[in-house]
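Colleague: The listed protein sequences derive, respectively, from chains A and B.
Counting from 5, one number per residue, gives the positions in the first sequence under the numbering used here.
Counting from 594, one number per residue, gives the positions in the second sequence under the numbering used here.
These are computed hints drawn from the structure, not numbers from a lab.
Fair warning: there could be bad hints in the mix.
Stated by the list, open to error - For lysine-lysine, the following DSS-like pairs were computed, each having C-alpha atoms within a straight-line distance of at most 25 Å:
#1 Lys46(A) - Lys74(A)
#2 Lys46(A) - Lys671(B)
#3 Lys607(B) - Lys671(B)
#4 Lys6(A) - Lys604(B)
#5 Lys112(A) - Lys60(A)
#6 Lys109(A) - Lys604(B)
#7 Lys109(A) - Lys650(B)
#8 Lys650(B) - Lys671(B)
#9 Lys6(A) - Lys650(B)
It should be emphasised that the depicted structure is a prediction, and the values quoted were computed from it without experimental measurement.
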Amino acid sequence: QKEVEQDPGPLSVPEGAIVSLNCTYSNSAFQYFMWYRQYSRKGPELLMYTYSSGNKEDGRFTAQVDKSSKYISLFIRDSQPSDSATYLCAMTNSGAGSYQLTFGKGTKLSVIP
Amino acid sequence: GAGVSQSPRYKVAKRGQDVALRCDPISGHVSLFWYQQALGQGPEFLTYFQNEAQLDKSGLPSDRFFAERPEGSVSTLKIQRTQQEDSAVYLCASSLVTSSYNEQFFGPGTRLTVL
């Protein structure tokens with residue numbers, strides 16, 4: 005079993021839909037939780053990060069972390085065709101020294117006009 | 594300002610050849626990471642530098658993989674005697690400091706294909 009599990013999809017939704025993406029993890033030492041977006045043939049770019057449990061909102065994006073369940077989510081409201089990409093969850097633990105990221109497999113999202 | 598750049602963007606190698614992949618981090622970034630991303634997978638950590646010191650190489654899959662950052666800026670990932678299983682996108686990321694969490698900025702990657 006991998007440390008971070010993420011359903012690879014693909015996920016196809018109509019424009020304007022609410023999208024829910026999620027990951028589960030097994031390492032209780034993870035403290036920082038991130039969502040990256042990766043377009044085809046590009047490097048990942050950070051969308052949001054959250055420290056420990058809680059919610060964080062940024063425009064149409066909301067990130068949630070439930071450390072008790074080892075479960076993180078990303079919600080996208082009013083999805084747009086430009087949101088079509090692969091979404092990667094990533095996490096790291098504090099005090100590790102290197103802050104290397106452990107990624108999920110990524111979920112490929114298509115938003116259909 | 595300029596982001597992380599990597600070269601070459603694409604590399605085709607015959608099995609058994611040696612390859613060298615270059616990463617130019619964002620100027621002033623102390624930390625540099627290399628990740629390997631196989632097709633349909635998330636990136637996996639290979640190695641980490643703080644300035645010129647390689648502090649973690651626990652993710653390097655074999656002794657055929659070698660990385661350096663001699664002057665604390667540009668880094669090179671070298672793969673000797675390439676194998677087909679080495680085919681992947683190699684991503685470089687840099688971040689400002691390591692005293693706490695800092696965003697890692699990724700380059701576009703080098704896509705390596707071993708025939």
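Colleague: For every hint, state whether the structure bears it out.
Modeller: Here is how each hint holds up against the structure:
1. Lys46(A) - Lys74(A): violated, 29 Å
2. Lys46(A) - Lys671(B): Between Lys46(A) and Lys671(B) the Cα gap is close to 21 Å, so the pair holds against 25 Å.
3. Lys607(B) - Lys671(B): Within the cut-off at roughly 15 Å; holds.
4. Lys6(A) - Lys604(B): Violated, because 29 Å separates the two Cα atoms, which is more than 25 Å.
5. Lys112(A) - Lys60(A): Between Lys112(A) and Lys60(A) the Cα gap is close to 22 Å, so the pair holds against 25 Å.
6. Lys109(A) - Lys604(B): With a Cα-Cα distance of about 24 Å, the restraint between Lys109(A) and Lys604(B) holds, given a limit of 25 Å.
7. Lys109(A) - Lys650(B): holds, 22 Å
8. Lys650(B) - Lys671(B): holds, 13 Å
9. Lys6(A) - Lys650(B): With a Cα-Cα distance of about 20 Å, the restraint between Lys6(A) and Lys650(B) holds, given a limit of 25 Å.
Checked against the numbered hints above, the structure violates hints 1 and 4; every other hint is satisfied.
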